[in-house]
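With chain A's structure known, arrange chain B on it following the hints.
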Amino acid sequence: MKLLTHNMLTSKFMKGVTQGFPLGIMASEVKEVEVDYNPEFISRMIPKLEWNAVYQAAESVGKLDGLPKEIPANMETDETFLKKAHHVLMEVEVISGNLICPETGRKFPINNGIPNMLLNEEGV
Amino acid sequence: MASGKRPEHLAPPEIFYNENEARKYTSNTRMIEIQLKMTERAVELIALPEDTPCMILDLGCGSGLSGETLTEQGHIWVGVDISKDMLDVAQEREVEGDLLLGDIGQGMSFRPGTFDGAISISALQWLCNADKKSHNPVKRLYTFFSTLYSSLSRGSRAVFQFYPENGEQVELITQQAMKAGFTGGLVIDYPNSTKAKKMFLVLFVGGQQQLPRGLGTVPGERGVPGQVSNTNARQRSKAARGKPLKKSRDWILEKKREKKKARKGDESRFKVHRQKKKRSLLK
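Respectively, the protein sequence lines represent chains A and B.
For the first sequence, numbering that gives the first Met the number 0 assigns the number 0 to the initial residue and increments by one for each residue that follows.
For the second sequence, numbering that gives the first Met the number 0 assigns the number 0 to the initial residue and increments by one for each residue that follows.
This is chain A alone, in the form it adopts within the complex (with noise of 0.2 Å):
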C-alpha cells in the first residue's frame, strides 16, 4: 500500500464512525519501490491530500527524509518538494502491518501490501 492510497483511505463505512480518517498505520514491514516521476501528476494532486495525514503517515513509517510540514507556496515549481512529496507518496510501500480506524481502534490488517478492508456482517 503506498502512503498516497493511504492519504485516501477511511474507515466511513463503518457503522458509527462519522470520519474515520486518517487511519493509523501500525506498520511491521516497510518497502522503497522505484517509480517513474511525474511532476504533473504530483503537482495536480498534493492540493488534493490532506498534508498532515501525509506528513504524519510519513513520520509512523520513518520515511520523514525531510519532508515539510507545511506545503511550500509556489509548490508546482518547486522541484525538490516536488520529488520528495513523489518519494513518500509513490515510493514507499507498506507491505504488512495494520491501519487503526481513529474512532473506533478496529485494525485492518496489511498482508502482502494489500489491506484488508472487509467487515464482518455486525461492523457495517
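Simulated from the structure, these hints should not be mistaken for laboratory data.
Predicted model only: the values in this text are computed from it and were never measured.
You can trust all of the hints, since none of them are fake.
Straight-line alpha carbon distances no greater than 20 Å define the calculated SDA-like cross-link-like pairs of lysine to any residue that follow:
no.	chain 1	residue 1	chain 2	residue 2
1	B	Lys83	A	Ser95
2	A	Lys47	A	His86
3	A	Lys30	A	Phe107
4	B	Lys4	B	Asn128
5	B	Lys138	A	Val16
6	A	Lys30	B	Glu93
7	A	Lys83	A	Leu63
8	A	Lys11	B	Thr146
9	A	Lys11	B	Tyr148
10	A	Lys82	B	Thr51
11	A	Lys14	B	Ser149
12	B	Lys138	A	Met13
13	B	Lys194	B	Leu35
14	A	Lys11	B	Tyr141
15	A	Lys11	B	Ala179
16	A	Lys47	B	Gly205
17	B	Lys83	A	Leu117
18	A	Lys14	B	His134
19	A	Lys82	B	Glu95
Ranges between beta-carbon positions, derived for each pair:
no.	chain 1	residue 1	chain 2	residue 2	range
20	A	Ile94	B	Glu71	22 to 30 Å
21	B	Leu9	A	Thr103	34 to 42 Å
22	B	Glu167	A	Thr103	34 to 42 Å
23	B	Arg153	A	Gln18	17 to 25 Å
24	A	Ile94	B	Gln72	21 to 29 Å
Positions of the beta carbon are idealized from the N, C-alpha and C atoms, including for glycine.
Frame of chain A, contents of chain B only:
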C-alpha cells in the same frame, strides 16, 4: 469456464475466483484479449482529459488485467476486489496499482472527490446476488453507488461493463444508481450481435451529460468484428425450399403442432393450462 451457467449462480465471487480460477483467468489468452478490449472501451467512455495522468478507481479489479491498461494509458489507479486469490495473482504480476481487499457492497471508503473516474469490468452483476443470508442486494447496490458517488470528483464518470442476467437486473441497478445521485444510462455496443454485444453502464457525477453512442449502431459504420454478413442470403434460400424459417412464427407453430400430435390428448390440454398459469405469474 463453467459449462454455460452464470458464475454468480455457482458461488460467491471470493469462492468462485479461487486460486485455480484466478490462474486460469490470467493464462487464457482469449480471455485476456477480451478483457483488454473492454477496458480500452471503458476508458474511452470515461472521456478523461487528454494526456493527463488521472486517479482512477478499478472496481472488481481481480488479477489486474484492466488495471494494466490503465497503467499503459498513463493513469494511477487503486483496485478493489473481494477475492484474495485474484489479488494475490495481481500482486505476483506486479501491477502498478495499489490493491485493496474489500467488498464494494459494504460501501466505498475514500475521502470525497478523490477519484477522477472509475471503471469496472465484468463485476457489477456479482452485486445483484445475495451470497449471504444477511445480504440485501438492493441495499448493497445503493450503499455501493452512494458511497462511490462521493468518492468521485465533480464532472467525472463511472463506467461499468457488465453482464446483466435480464432486464429486471438492469432496471434494479440503474434505479439504485440514480437514487444515489448519478445521472447517465446504458450504452450498448453491437446490439444486434449476440457474440459481440457488450453493455456499459455510463454514470455521470454532477449533472447529465450526453450519453455516448454504442458501437455498431450507426448505419454504414464498420460492421461487427468477426461476423460474416451472409445471413440474409441464407434466410432467402431456406424460404425458397418451402420450409418455414427457423424460429419464425410459422416454424414455432409447426413445432407446437408436431409436439401436440406426439402426446396423448388429455395431457396436452393439461400442459396448456399449466403454461397459462405460469404466464400470469410473471410480470
